[in-house]
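Student: Required output: the full structure, derived from the provided sequences and hints.
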Amino acid sequence: ASHTIHWWWQLHALHHSQTVMTAWSDDRNHILDDIMHAVVFAFFALLFGVSPSQFILLVVFSQLIQSWQHANIYVNLGLFKYVLVSPMYHRMHHAVGYGHEAKGKPGVLGGCNFGVLFPWWDMLFNTAIFPKAVYPTGVRDLAVSHNIFIQQWQTLKHALVELLPKAK
Numbered sequence: 667a668s669h670t671i672h673w674w675w676q677l678h679a680l681h682h683s684q685t686v687m688t689a690w691s692d693d694r695n696h697i698l699d700d701i702m703h704a705v706v707f708a709f710f711a712l713l714f715g716v717s718p719s720q721f722i723l724l725v726v727f728s729q730l731i732q733s734w735q736h737a738n739i740y741v742n743l744g745l746f747k748y749v750l751v752s753p754m755y756h757r758m759h760h761a762v763g764y765g766h767e768a769k770g771k772p773g774v775l776g777g778c779n780f781g782v783l784f785p786w787w788d789m790l791f792n793t794a795i796f797p798k799a800v801y802p803t804g805v806r807d808l809a810v811s812h813n814i815f816i817q818q819w820q821t822l823k824h825a826l827v828e829l830l831p832k833a834k
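This note's numbering applies: residue 667 is where the sequence shown begins, and numbers increase by one.
Because the hints were derived from the structure by calculation, they are not lab data. If you're wondering where the values come from, they're calculated on a predicted model, not measured in any experiment. Be a bit skeptical, because a hint or two may be false.
With beta-carbon atoms standing in for the labels, derived distance ranges [claimed, not checked]:
#1 F714 <-> N738: 32 to 40 angstroms
#2 F721 <-> R806: 30 to 38 angstroms
#3 G744 <-> D700: 30 to 38 angstroms
#4 S811 <-> L750: 31 to 39 angstroms
#5 Q720 <-> L750: 31 to 39 angstroms
#6 A768 <-> P802: 13 to 21 angstroms
#7 S719 <-> P802: 40 to 48 angstroms
#8 S717 <-> K798: 41 to 49 angstroms
#9 K747 <-> F709: 26 to 34 angstroms
For glycine and all other residues, C-beta sits at the position ideal for the given N, C-alpha and C.
Tutor: This is the structure in structure tokens:
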């Protein structure tokens with residue numbers, strides 16, 4: 667949803683704005699984007715009957731995996747790349763012109779490599795790209811402050827503008 671709903675994308679774009687991937691890239695988010703993702707995660711955990719103690723373990727495991735996926739490292743998983751999302755696979759999700767834009771349509775929301783743990787969903791919905799090269803990351807034409815408070819404010823303003831009615 668954060669890649670298709672314009673106002674949510676404005677919040678999520680902060681996460682994609684980094685031009686250097688690191689293990690900490692996963693933690694650069696707008697607080698509302700984090701809250702919305704947490705609510706969705708908790709909803710499905712409740713739906714599937716996950717106990718509170720299991721939920722804590724899931725969150726810890728998820729954070730470790732996502733930090734590894736955001737690391738700027740090349741790991742050749744061989745055929746295992748079709749089983750587990752690697753840093754190279756996830757980097758493509760952050761790549762300018764690929765990760766958050768519709769294929770061949772610059773500026774139109776979409777993207778590739780949405781899988782968090784397994785690439786199967788992307789393979790099923792034809793959004794998987796297994797890169798052979800390293801592509802630059804970031805968001806086209808998005809200037810982001812280095813100040814965390816300004817980042818939060820600017821991102822919120824962009825999201826609110828998307829919610830306002832468009833002039834014809």
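Student: Each of the hints needs a verdict: does it hold here or not?
Tutor: Here's how the hints hold up against the structure:
1. F714 <-> N738: 32 to 40 angstroms: holds, 33 angstroms
2. F721 <-> R806: 30 to 38 angstroms: Since F721 and R806 have Cβ atoms about 37 angstroms apart, the given range 30 to 38 angstroms holds.
3. G744 <-> D700: 30 to 38 angstroms: holds, 34 angstroms
4. S811 <-> L750: 31 to 39 angstroms: holds, 35 angstroms
5. Q720 <-> L750: 31 to 39 angstroms: Given about 21 angstroms between the Cβ atoms, the range is violated.
6. A768 <-> P802: 13 to 21 angstroms: holds, 19 angstroms
7. S719 <-> P802: 40 to 48 angstroms: Distance hint for S719, P802 holds at roughly 41 angstroms.
8. S717 <-> K798: 41 to 49 angstroms: Between S717 and K798, where Cβ atoms are some 42 angstroms apart, the hint holds.
9. K747 <-> F709: 26 to 34 angstroms: holds, 30 angstroms
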